[in-house]
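S.K.: Sequence:
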Amino acid sequence: MKDNQSGNLLEQETAQPIPAQPREGRPANLPAKFWDEANGRIKIEELIEDYNYMASRDENLIETNKRNMPSGYDQYRINIPNELLDHDEELFKQFYEHGFTNDQAQFVYDLANERVIPVLDQLTVSFEAQKQLAKLSSYFGGQERFDEVSRQISGWAKQNLRPEVYDALASTAEGVIALYKMMSSNEPMLGKEPGFEGELSEQSLRKMMEDPRYWRDKDTAYINKITKGFEKLYPGK
1 MKDNQSGNLL EQETAQPIPA QPREGRPANL PAKFWDEANG RIKIEELIED
51 YNYMASRDEN LIETNKRNMP SGYDQYRINI PNELLDHDEE LFKQFYEHGF
101 TNDQAQFVYD LANERVIPVL DQLTVSFEAQ KQLAKLSSYF GGQERFDEVS
151 RQISGWAKQN LRPEVYDALA STAEGVIALY KMMSSNEPML GKEPGFEGEL
201 SEQSLRKMME DPRYWRDKDT AYINKITKGF EKLYPGK
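Using my numbering, read the sequence shown as starting at 1 and increasing by one per residue.
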């Protein structure tokens with residue numbers, strides 16, 4: 001009689017079931033997009049494709065940095081597009097720490113010139129205009145009185161002055177006051193005055209106001225000289 005404990009599987013009296021192997025779950029560090037949940041396996045093709053894409057991108061970035069990345073923060077060569085901007089060492093250090101190429105750093109400066117500087121200019125003009133208007137309101141005894149006089153000055157100046165002279169005078173409180181004095185007097189006083197060429201007169205002062213130092217450069221000393229001339233011509237006004 002043969003031993004039933006032989007290795008012949010067909011002769012076994014009771015077949016023993018083979019225990020099912022537990023399905024492995026997604027590895028902890030593997031992104032979900034690379035895991036086939038239905039089949040319990042890694043998506044090898046997708047993983048290889050993604051790896052190749054990242055490698056190619058990194059190679060391009062490294063090559064770009066090799067071409068344009070300066071060797072140190074003090075090696076940036078920036079074309080300063082506006083006098084309000086300058087070479088800022090601390091800013092260059094931040095550029096370098098964050099891996100900015102020279103082109104990227106230049107773009108930051110160009111963008112600031114295009115977007116930020118115009119806003120600052122507008123704020124400066126608005127602030128200066130408010131200061132000048134406050135001076136005029138005080139000079140004429142209040143805003144209501146100035147509003148009334150300003151319309152009179154504007155109408156008179158447009159009829160009697162060249163547009164560029166009127167615009168130059170009307171851009172400062174001192175110029176508006178000078179216009180008011182000119183409008184209020186019928187006959188200017190004539191006479192020699194130190195610091196002025198020829199006779200001191202309304203005509204000579206108007207001629208001086210055509211000088212670029214007055215209307216373009218806003219030369220404080222030159223403007224004060226003209227203002228004092230009008231005060232001499234129209235004392236007490």
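Keep in mind that the hints were calculated from the coordinates and are not lab data. Fair warning: there could be bad hints in the mix.
[What the hints assert, rightly or not] Straight-line distance between alpha carbons at most 25 angstroms, and here's what the computed DMTMM-like set of lysine to aspartate or glutamate pairs gives:
no.: 1; residue 1: K33; residue 2: E49
no.: 2; residue 1: K33; residue 2: D88
no.: 3; residue 1: K225; residue 2: E144
no.: 4; residue 1: K135; residue 2: D110
no.: 5; residue 1: K181; residue 2: D167
no.: 6; residue 1: K218; residue 2: E202
no.: 7; residue 1: K232; residue 2: D121
no.: 8; residue 1: K135; residue 2: E37
no.: 9; residue 1: K135; residue 2: E114
no.: 10; residue 1: K33; residue 2: D50
no.: 11; residue 1: K218; residue 2: D74
no.: 12; residue 1: K225; residue 2: E164
no.: 13; residue 1: K33; residue 2: E46
no.: 14; residue 1: K131; residue 2: E97
no.: 15; residue 1: K207; residue 2: D121
no.: 16; residue 1: K131; residue 2: E46
no.: 17; residue 1: K135; residue 2: D50
no.: 18; residue 1: K225; residue 2: E210
no.: 19; residue 1: K135; residue 2: D147
no.: 20; residue 1: K181; residue 2: E128
no.: 21; residue 1: K131; residue 2: D110
no.: 22; residue 1: K131; residue 2: E49
no.: 23; residue 1: K232; residue 2: D211
no.: 24; residue 1: K158; residue 2: D147
no.: 25; residue 1: K43; residue 2: E97
no.: 26; residue 1: K218; residue 2: E144
no.: 27; residue 1: K232; residue 2: D219
S.K.: In ascending order, which of the hints set out earlier in this document are inconsistent with the structure?
M.R.: Violated hints (numbers, rising): 2, 3, 4, 7, 8, 9, 11, 14, 15, 16, 17, 21, 22, 25, 26; every other hint is consistent with the structure.
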